[in-house]
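Residue numbers (my numbering), protein chains in the order written: chain F, 1 to 115; chain R, 1 to 879.
To be clear, the hints were calculated from the coordinates, so they are not data collected in a lab.
Be careful, since some hints might not be right.
Unchecked claim - Covered by chain R, according to a simulated footprint, are these stretches of chain F (three or more residues, beta-carbon under 8 Å):
1. 18-28
2. 40-54
3. 82-95
4. 99-106
Each residue gets a CB set at the ideal place from its N, CA and C atoms; glycine is no exception.
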Amino acid sequence: MGEPAELLQGSLELLVLKALSLAPMHGWGIGQRIDQMSRQVFHVTQGSLYPALLRMVRKGWLRSEWRVTENNRRARYYLLTAAGRRQLAAQTEAWRRASGAVNGILAFGPSEGRA
Amino acid sequence: MSLWSDWSERVRALLFPARRERELAEELRFHLEQDIADRVRRGDDPARARRAALAASGGVEHVKENVRDASGVRPLQNIIADFRHALRSLRRDPMYTVTAVLVLGLGLGAGAAVLAVADSVLFSPLPYAAAHRLVRVGQLFEGSTSVWQLSTVDAQAILGQQRSFESFGLVNGTTMGLSGAGTPERIPVGRVTAGFFRALAIAPVAGRLIGPADEPEDAPPVVVFSHPLAQLRFGSAQGALGRSVTLDGVSHTVVGVLPPGRDILGPGIRGSAWSVLRLPTPTRRGPFWLRGVGRLRADVSVEDARRDLARISERVYPLWASSFRDQTARITPMPLLDSIVGGAGRSVALFAAGVILVLLVAIVNVATLSLVRASARAPELGVRAALGASPLRLARLPLAEGVALAAAGGLLGLGLAALAVRLVARHARNLPRVQDLALDGTTVLGLLLAALATALLVSAPAVLAAVRASFRAARRAGDARRTGVDLGTMRLRRSLVVAQFALALPLLLGASLLFRSFLELQKVNPGFDPGPLVTGSVSLPTRRFPEYPEVQRFWRLLEQRLAEAPALEAAGLADDLPPGPIGNVNNFDLLDRPVPPGGAEHLAPWLNANADYFQVLGIRLLEGRPFGPADSGAAPPVVLVSRAWAERYYPGESAVGRRMIEGGCTTCPPTTVVGVVSDVKYQGLTAPAEVIYGPLTQSLPRTAHIVARGRTTRADAVRAVRELVSSLDPELPVVEGTLQARMDAALAAPGRSTAVLSGFAAVAVLLAALGIFGLTSYAVRQRRREIGVRIALGADTRAILRMIVGQGLRSAAIGTTIGLGLTLLEARWLQAFLFEVPATDPLSLLGAAAGLLLVALGACWLPGLRGSRIDPVRAIASD
Numbered sequence: 001m002g003e004p005a006e007l008l009q010g011s012l013e014l015l016v017l018k019a020l021s022l023a024p025m026h027g028w029g030i031g032q033r034i035d036q037m038s039r040q041v042f043h044v045t046q047g048s049l050y051p052a053l054l055r056m057v058r059k060g061w062l063r064s065e066w067r068v069t070e071n072n073r074r075a076r077y078y079l080l081t082a083a084g085r086r087q088l089a090a091q092t093e094a095w096r097r098a099s100g101a102v103n104g105i106l107a108f109g110p111s112e113g114r115a
Numbered sequence: 001m002s003l004w005s006d007w008s009e010r011v012r013a014l015l016f017p018a019r020r021e022r023e024l025a026e027e028l029r030f031h032l033e034q035d036i037a038d039r040v041r042r043g044d045d046p047a048r049a050r051r052a053a054l055a056a057s058g059g060v061e062h063v064k065e066n067v068r069d070a071s072g073v074r075p076l077q078n079i080i081a082d083f084r085h086a087l088r089s090l091r092r093d094p095m096y097t098v099t100a101v102l103v104l105g106l107g108l109g110a111g112a113a114v115l116a117v118a119d120s121v122l123f124s125p126l127p128y129a130a131a132h133r134l135v136r137v138g139q140l141f142e143g144s145t146s147v148w149q150l151s152t153v154d155a156q157a158i159l160g161q162q163r164s165f166e167s168f169g170l171v172n173g174t175t176m177g178l179s180g181a182g183t184p185e186r187i188p189v190g191r192v193t194a195g196f197f198r199a200l201a202i203a204p205v206a207g208r209l210i211g212p213a214d215e216p217e218d219a220p221p222v223v224v225f226s227h228p229l230a231q232l233r234f235g236s237a238q239g240a241l242g243r244s245v246t247l248d249g250v251s252h253t254v255v256g257v258l259p260p261g262r263d264i265l266g267p268g269i270r271g272s273a274w275s276v277l278r279l280p281t282p283t284r285r286g287p288f289w290l291r292g293v294g295r296l297r298a299d300v301s302v303e304d305a306r307r308d309l310a311r312i313s314e315r316v317y318p319l320w321a322s323s324f325r326d327q328t329a330r331i332t333p334m335p336l337l338d339s340i341v342g343g344a345g346r347s348v349a350l351f352a353a354g355v356i357l358v359l360l361v362a363i364v365n366v367a368t369l370s371l372v373r374a375s376a377r378a379p380e381l382g383v384r385a386a387l388g389a390s391p392l393r394l395a396r397l398p399l400a401e402g403v404a405l406a407a408a409g410g411l412l413g414l415g416l417a418a419l420a421v422r423l424v425a426r427h428a429r430n431l432p433r434v435q436d437l438a439l440d441g442t443t444v445l446g447l448l449l450a451a452l453a454t455a456l457l458v459s460a461p462a463v464l465a466a467v468r469a470s471f472r473a474a475r476r477a478g479d480a481r482r483t484g485v486d487l488g489t490m491r492l493r494r495s496l497v498v499a500q501f502a503l504a505l506p507l508l509l510g511a512s513l514l515f516r517s518f519l520e521l522q523k524v525n526p527g528f529d530p531g532p533l534v535t536g537s538v539s540l541p542t543r544r545f546p547e548y549p550e551v552q553r554f555w556r557l558l559e560q561r562l563a564e565a566p567a568l569e570a571a572g573l574a575d576d577l578p579p580g581p582i583g584n585v586n587n588f589d590l591l592d593r594p595v596p597p598g599g600a601e602h603l604a605p606w607l608n609a610n611a612d613y614f615q616v617l618g619i620r621l622l623e624g625r626p627f628g629p630a631d632s633g634a635a636p637p638v639v640l641v642s643r644a645w646a647e648r649y650y651p652g653e654s655a656v657g658r659r660m661i662e663g664g665c666t667t668c669p670p671t672t673v674v675g676v677v678s679d680v681k682y683q684g685l686t687a688p689a690e691v692i693y694g695p696l697t698q699s700l701p702r703t704a705h706i707v708a709r710g711r712t713t714r715a716d717a718v719r720a721v722r723e724l725v726s727s728l729d730p731e732l733p734v735v736e737g738t739l740q741a742r743m744d745a746a747l748a749a750p751g752r753s754t755a756v757l758s759g760f761a762a763v764a765v766l767l768a769a770l771g772i773f774g775l776t777s778y779a780v781r782q783r784r785r786e787i788g789v790r791i792a793l794g795a796d797t798r799a800i801l802r803m804i805v806g807q808g809l810r811s812a813a814i815g816t817t818i819g820l821g822l823t824l825l826e827a828r829w830l831q832a833f834l835f836e837v838p839a840t841d842p843l844s845l846l847g848a849a850a851g852l853l854l855v856a857l858g859a860c861w862l863p864g865l866r867g868s869r870i871d872p873v874r875a876i877a878s879d
């Protein structure tokens with residue numbers, strides 16, 4: 001397991017949306033899931049996760065509510081809204097196009113190694 | 001992005017910040033616990049797991065800050081936090097807070113009240129449709145400043161020839177006896193032509209107003225009631241319609257009722273009822289007894305109307321030149337608002353000037369106080385600046401404090417202003433249009449702006465100090481502590497004290513000038529002793545006293561009964577009373593020194609009285625003879641003149657035996673001056689005492705006043721007068737009074753101005769004294785160590801006292817000098833309010849300056865004394 005990679009600008013929101021598309025989850029769980037899904041490549045710090053969650057609530061993509069966990073602990077759960085699902089679809093599509101293009105560029109011509 | 005979710009989140013963040021924080025803390029705590037539990041599950045021991053989890057979180061406070069930044073309400077929350085901080089720090093210093101709020105509240109409240117008065121008296125439009133087209137029409141003479149009324153001749157000429165007005169009406173104010181609806185009383189009545197209400201464009205609340213059909217001689221008599229009179233007499237406006245009332249003995253039908261608040265119409269005519277004015281057939285150019293009100297055509301300016309009316313004057317003059325030889329007389333229009341506001345604008349301006357000065361002193365005072373607080377906070381500011389707080393950040397607290405103080409002061413001021421406005425509306429009835437007085441939107445807006453400006457001004461010095469502190473800190477941190485005295489702040493405080501004295505002096509001087517003027521006014525000998533004298537006014541209605549013989553018979557009879565009345569020591573009759581102003585001013589031309597043809601004739605107040613009148617008032621005969629029984633009816637007309645009159649027209653000569661043409665009546669027999677009597681002030685206490693007396697039995701007025709001195713109490717005398725009149729005619733109402741009350745009324749207005757301005761001055765001086773006291777105390781505290789060293793080196797206490805007091809007095813003296821300069825600029829303006837006292841009166845100038853300096857001396861003495869008693873050992877040992 002190498003050093004966790006830095007998240008690309010704007011991709012955190014996409015990862016959070018994706019993590020929540022399976023089931024509502026609290027902040028710690030979202031971080032865990034992103035960890036797992038990226039096979040420990042991306043590590044989301046609390047300092048960027050929680051502000052991002054609040055921003056997404058303000059944008060109307062997420063909703064938050066207090067629920068009780070399996071261990072009987074109160075925790076704030078985040079849920080995808082309809083707008084959030086649409087956003088996930090749109091961002092996924094945009095990401096595919098962008099990453100495809102970037103991949104194409106990287107595959108073009110002789111590689112000079114890492115810039 | 002959803003606008004709704006965004007704003008609802010922001011509002012929630014703003015409204016429930018504590019809950020937000022609690023939830024955030026709980027969320028992060030949960031995260032941490034999960035993390036620890038997770039690490040323990042993977043085999044860490046709990047203590048290590050905790051440390052690792054904390055390290056991974058990147059610092060809980062840091063996370064919270066990031067989340068708060070993402071809330072989108074950070075700037076607003078900062079402002080709220082600033083205010084919280086400001087309120088907390090104000091609460092910690094209740095003396096300062098209470099003082100500042102009181103001072104600002106008083107200043108702002110007084111300002112708002114004066115603004116409300118100025119707004120409704122001077123600036124608000126008249127309550128008539130298209131009021132800018134309304135003009136009053138009067139007569140101007142060359143060299144006279146007051147506007148004369150119109151004569152019947154003028155009125156008819158205007159009605160027949162004018163081309164400027166859409167409608168033009170005339171009004172004559174009088175009083176009439178009202179009976180037939182409750183107790184008989186005398187009420188003010190406006191007699192109007194049909195054009196009057198049309199020109200003002202007033203609609204009745206019930207019935208109709210007076211129209212052209214009411215004007216013919218044989219039309220049934222009608223009357224329009226004011227709203228309060230209708231309610232008082234008949235319960236409601238509707239209830240008054242069609243009812244029959246008796247005015248001066250003539251039965252009138254109530255045909256209409258005016259809207260509420262319309263008791264004063266047009267140029268200052270107060271009427272409880274309005275009846276029809278019929279113009280008599282003129283026999284000469286005078287008398288001048290009518291007020292004209294016109295509504296200009298839409299395409300006609302006041303200037304056009306002036307030319308139009310001037311042409312009419314020129315046409316009228318030659319027709320009546322035999323009875324009126326003043327060719328300079330011009331029928332003149334003037335905007336109605338100007339003619340209503342008249343001289344009231346000046347006294348409102350005086351109060352406004354006073355209030356502005358007080359408000360400025362108050363602001364400077366609070367600014368000084370806030371600067372003191374800023375100095376006390378200087379070390380804290382220095383530290384914060386050194387830690388990197390921006391100047392803006394440092395300035396925010398004093399600014400928030402200023403806004404909070406001004407807001408509280410503004411609220412207090414609003415309450416005070418509402419109270420003051422109610423008092424003014426109730427008590428200053430001689431102020432024109434005061435019935436419209438209200439604390440309206442304009443005033444509240446004005447107060448708001450003033451409070452905002454106050455907030456900025458009050459916090460400005462402290463903000464400046466904060467900014468400077470941050471720059472100083474940036475240059476060399478901690479230096480402020482070493483030097484001890486912040487010279488810049490000290491200079492600022494000194495100039496604020498100078499400003500307070502400069503502002504207080506004009507107020508103190510104005511008040512002392514008004515006070516001296518008021519004393520002069522009271523010293524004026526009115527020419528009689530009002531003390532025990534009672535008055536009773538009687539008017540003879542035309543129905544029961546239709547012709548002169550009946551009138552003459554009644555006055556004769558009354559005169560006789562008065563002379564015989566056992567309860568009365570003496571009683572006289574006259575058609576007007578001092579101190580006036582008396583309504584009857586007549587023109588005359590002296591046979592031995594006639595005015596050149598076409599020139600303006602002399603004018604004098606004219607009073608008709610019987611012989612006993614002079615005795616009751618103690619008016620002495622100086623030369624010639626008094627009125628006798630022979631001076632009546634058809635006997636050659638005679639007059640008595642006052643000494644002032646004799647000295648003006650016949651200086652150094654005898655006035656007795658001189659003859660004059662009275663009222664421009666060249667065909668009447670000339671009038672002879674038979675005697676000179678001592679002066680009495682009839683045209684107000686400030687005017688000259690020139691007056692001409694005619695015998696009551698030769699002029700036969702319909703209204704006369706009994707002046708009586710009783711043998712016992714005033715109440716007995718009043719009862720005797722009333723019983724006497726009702727024994728002659730039980731239906732005649734008698735309006736009772738005392739001459740003392742009339743004198744008091746004449747002194748009331750100047751007394752009030754003096755009192756109000758003295759109050760302003762007292763507040764300003766007190767504030768200035770507090771200001772300099774604070775400055776000197778502060779200076780002593782700052783220089784404790786230095787003074788201690790001086791004392792240790794042998795300086796004696798008197799020298800220390802002299803040094804401290806001298807420094808304070810220097811600021812006061814500079815301020816006072818600047819104030820004197822300011823006052824001299826305004827002297828000419830102030831002169832208009834003064835009687836017998838020059839505005840540059842050296843005694844008042846020096847007195848006010850000396851008084852102010854004396855107060856400053858007192859205010860510096862205490863801190864000076866404290867300074868001179870500093871214990872050198874302790875002072876030097878202390879930090």
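Hint by hint, here is what the structure shows:
1. 18-28: That given contact holds, which follows from 3 residues of the segment 18-28 of chain F lying within Cβ reach (below 8 Å) of chain R.
2. 40-54: holds (count 8)
3. 82-95: With 1 residues close enough to chain R, the hint is violated.
4. 99-106: violated (count 0)
In this structure, the hints that do not hold are numbers 3 and 4, in rising order.
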